[in-house]
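Construct the entire structure; sequences and hints are all you get.
Using this note's numbering, you'd call the opening residue of the sequence shown number 1 and step up by one each time.
Fair warning: there could be bad hints in the mix.
[What the hints assert, rightly or not] Taking lysine to any residue pairs in the SDA-like style, the calculated list, with each CA pair at most 25 angstroms apart, reads:
| id | residue 1 | residue 2 |
| --- | --- | --- |
| 1 | K222 | T317 |
| 2 | K300 | Y314 |
| 3 | K187 | H318 |
| 4 | K293 | L157 |
[Claimed, not checked] Taking CB as the label site, the calculated pair distances span:
| id | residue 1 | residue 2 | range |
| --- | --- | --- | --- |
| 5 | K116 | L73 | 19 to 25 angstroms |
| 6 | L64 | P228 | 38 to 44 angstroms |
| 7 | D21 | K139 | 26 to 32 angstroms |
| 8 | D308 | N75 | 19 to 25 angstroms |
| 9 | Q312 | I230 | 26 to 32 angstroms |
| 10 | M237 | S56 | 18 to 24 angstroms |
Quick caveat, the hints were computed from the structure, so don't treat them as lab data. Cβ atoms here follow ideal geometry from the backbone N, Cα and C, with glycine treated the same way.
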Amino acid sequence: MEKESVKAEAVLNCIDLSNPDINKLLHLLKHSCTDSGFFYLINHGISHEFMDEVFSQSNKFFNLPLNEKMKLLRNDYHRGYTPLLDEILDPQNQLHGDYKEGYYIGVEDNDPLSNKPFHGPNIWPASDVLPGWRETMEKFQCQALEVGKAVAKIIALALDLDANFFDKPETLGEPIAIMRLLHYQDKLSDPSQGLYAAGAHTDYGLITLLATDDVQGLQICKNKDAKPRIWEDVTPMKGAFIVNLGDMLERWSNCTFKSTLHRVIGNGQERYSIAYFLEPGHDCLVECLPTCKSDANPPKFPPIYYRDYLSQRYKETHANLLVYSKQQS
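Take a look at the structure:
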């Protein structure tokens, strides 16, 4: 297991999406994206009352008996329930999978001929089991997409691009936008033993919007190459999203903006969170932006289709579904 140290608390900028001063927003965002790759987002347009409802509905699902949840096991399109220990994000340092269970909800796609990874029908609990559950989650998806697109416009401007750069059809016009409900077990993590609520990882797409309850757990590491790594706690903020940048934004920006390593450390309390992963479209070719390269600073990554990158990362981190077929046979 790797050596590490933990500082007290991460200092993150707070970006107010309702602030009309675009220059101030750009200054704060640029600093956030080059320093930690994380920031708080407030006044984003999703009400506290509705967020409480989303958390309430999420808790109702995770409180169902395991046999009911397993009926909704994730499918080949990565929709549905992911059981405890299903995901192992840091195989080199984890003894086994993450102490969390989750539920994937994506953009609804009922076209059987599309044949696109991560595009397909969602799996929904029966309405008599969880009344109003689907409607709540679909409403959140729509609202979170608008928030994500608003942040993407500011990011584009910060990279000296047109504000609508990321809103093209192949990018966020038809995004792989994935909502994930998460429930962390009431277990103590022990990094020295390889036990984590969620192992160290970076996110894959453009940005992630994270809403959490008031239980501490998220930690970030600004410099993944440091020895030992220094981990900083991120304090929950009621009503705010914690926003972090993904790998594709790091590639687009030629490492000008950071996709930062992060993990979840359990403190013995249950923890709930809701992550919204705003990711490019299936056919999006991600390559270094013209504003982020020069003769002195050539592209650090080759171009890649997002579908290929995402498929590989999921294959590396998720259990094979055949494992559950064998368990049930």
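These are the hints, each one checked on the structure:
For a cut-off of 25 angstroms, the pair hint linking K222 to T317 stands: about 22 angstroms separates their Cα positions. For the hint linking K300 to Y314, the alpha-carbon distance of about 23 angstroms falls within 25 angstroms, and the restraint holds. A threshold of 25 angstroms between alpha carbons decides the hint, and for K187 with H318 the separation of about 21 angstroms falls inside it, so the pair holds. For a cut-off of 25 angstroms, the pair hint linking K293 to L157 stands: about 16 angstroms separates their Cα positions.
The given range of 19 to 25 angstroms is respected by K116 and L73, whose C-beta atoms sit roughly 21 angstroms from each other. Range check, L64 to P228: Cβ separation about 41 angstroms, and the 38 to 44 angstroms hint holds. Checked against the hint of 26 to 32 angstroms, the pair D21 and K139 passes, with Cβ atoms roughly 30 angstroms apart. As the Cβ distance of D308 to N75 is approximately 20 angstroms, the hint placing it in 19 to 25 angstroms holds.
In this structure the hint that Q312 and I230 lie 26 to 32 angstroms apart at CB holds, the actual value being about 29 angstroms. In this structure, M237 and S56 meet the distance hint of 18 to 24 angstroms, their C-beta atoms being roughly 19 angstroms apart.
Going down the numbered hints, you'll see the structure goes against none, and every one checks out.
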